[in-house]
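Novice: Sequence:
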Amino acid sequence: MFAVLVTCSTARRLFGREGAEDSFSPPCWSIVSVMQIPSSSIRPLLRKLIVRGLAAVDASMAVDRAISKNGEKLVIGRRRYDLRCYERVVVLGAGKAAASMAQAVEQRLGSRLQGGFVVVKHGHVVSTKRIVVAEAGHPVPDRFGQKAAARLCAMAAELGRRDLLILLLSGGASSLLPAPVAGITLADKQRTTQELLRCGASIRDINTVRKHLSRIKGGRLAELTEATVVTLVLSDVLGDDLSAIASGPTTPDPTTYHEAVAILKRYRIWPAIPQRVRQHLDHGCQGLLSETPKPGSSRFRRIHHHIVGNNAAAVKAVACAAREAGLRILVRPAITGEARDEGRRFGALAREIVREGKLLQGPCCVVAGGETTVTVSGKGIGGRAQEFAAAAALEIAGLAQVWVAAIGTDGTDGPTDAAGAVVDGNTAARAQRLSVDLDGALKRHNIYPALKKLDQLIMTGPTGTNVNDLYLILVR
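Counted the way numbering that gives the first Met the number 0 counts, the sequence shown spans residues 0 to 475.
Treat the hints as calculated values from the structure; they're not laboratory data.
From a predicted model like this one, the values you see are computed outputs, not experimental measurements.
It is possible that part of the hints are untrue.
[Unchecked claim] Under the rule of at most 27 angstroms between Cα atoms (straight-line distance), these lysine-lysine pairs were calculated in the DSSO-like manner:
#, residue 1, residue 2
1, Lys378, Lys264
2, Lys452, Lys47
3, Lys451, Lys47
4, Lys442, Lys452
5, Lys128, Lys146
6, Lys128, Lys72
7, Lys442, Lys264
8, Lys378, Lys451
9, Lys378, Lys452
10, Lys315, Lys293
11, Lys293, Lys47
12, Lys378, Lys442
13, Lys68, Lys128
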């Protein structure tokens, strides 16, 4: 494994901003401080592609591009706000990239910002001046998140009609803001989340359930405040459905109590869900509890949303970088589904390209975004990107000059310190020589130790962004 320092100027060169004035006082880029990629002839190119993809969705830069201020005129996206009309401007937020987003808002608004509060995953803190940053648990909510959610709710409720609230949302916000409804404990929500994760539920299904157990999600936060709200979103949801991103705290919620119950029963985990949660959802289905606010509610008239970055932007940047490197490009539709199954399909695509040459010829790169799931059984260690790459390795075994990489853009793949992995046509053979059972590790969902022994892991550390995953095939 070789450590690669990605500096501010390096990232700017790779992203085409050489000579541009820094918008931030160090670090001006929160992409990657030290990246580790397995040693191979493809490493320089792979490093360039990953950095370009992450740079395109760097949270600080994305927010900086979305906001401009001229005197008392604030422009966010296509909307203009006269700051003279507002007594206070406050920032609230949550997500893995919330602190990086907060940095950019601080730089743009300066002393006009009265302060704020954001919540990030443990270990994802960056330095801010006026905005307080708290840490909490992800993907399973913890007591730190519950305390942070209570503080965020109190601050939102305290704002009036002459205040402007800038809400910063990015991937992970749902877990980082656990605010259980009355009668449900944090332990109840933790167990419910764990059951949904263990069974391989999609993030949309998980969020549908969460919305109906929360005082924040599913538009509930919008009901708490009278302020004008501008929500800046770094999207971790394919298709950018605002009601799904961070479980839609400031958007109308189209889902229902009935759907939440149906999801838990479809995954056959209803009996394992805490009794208080089942009782609450049943009461909702019976009409004994108010539903989440729906489209048409007058509260949403003073709420605006702007997406500052998404998975498609990262994919486009990788494709452009590969084209600049002289490779033929194929961009595939977003990948979802079980990680092992999709990894095998991706590997089969690489094999088809090499052996049949129908889709692409010569040096080429296939790029896709997406987010797969892992249906966990046992107590193994790994992540969806690692399982995807390992499964692909078995499919491309024996192919020369072929690599497959999978990386989580937040720098964390599952409960590990790896962002993902890169494999090649020799990985399976090398595993055999070193007595590493790749197939067995996949079946046990214990792929991290196997890939670590094979030196196939990609390490980035927290990247300051989160827009799902990137998948690459490189053929030389």
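Novice: Give a verdict on every hint.
Specialist: Hints, one by one, checked against the model:
{"no.": "1", "hint": "Lys378 x Lys264", "result": "holds (24 angstroms)"}
{"no.": "2", "hint": "Lys452 x Lys47", "result": "holds (25 angstroms)"}
{"no.": "3", "hint": "Lys451 x Lys47", "result": "holds (22 angstroms)"}
{"no.": "4", "hint": "Lys442 x Lys452", "result": "holds (17 angstroms)"}
{"no.": "5", "hint": "Lys128 x Lys146", "result": "holds (21 angstroms)"}
{"no.": "6", "hint": "Lys128 x Lys72", "result": "holds (22 angstroms)"}
{"no.": "7", "hint": "Lys442 x Lys264", "result": "holds (25 angstroms)"}
{"no.": "8", "hint": "Lys378 x Lys451", "result": "holds (17 angstroms)"}
{"no.": "9", "hint": "Lys378 x Lys452", "result": "holds (19 angstroms)"}
{"no.": "10", "hint": "Lys315 x Lys293", "result": "violated (34 angstroms)"}
{"no.": "11", "hint": "Lys293 x Lys47", "result": "violated (44 angstroms)"}
{"no.": "12", "hint": "Lys378 x Lys442", "result": "holds (12 angstroms)"}
{"no.": "13", "hint": "Lys68 x Lys128", "result": "holds (19 angstroms)"}
Violation of the numbered hints given earlier is confined to hints 10 and 11; the remaining hints are satisfied by the structure.
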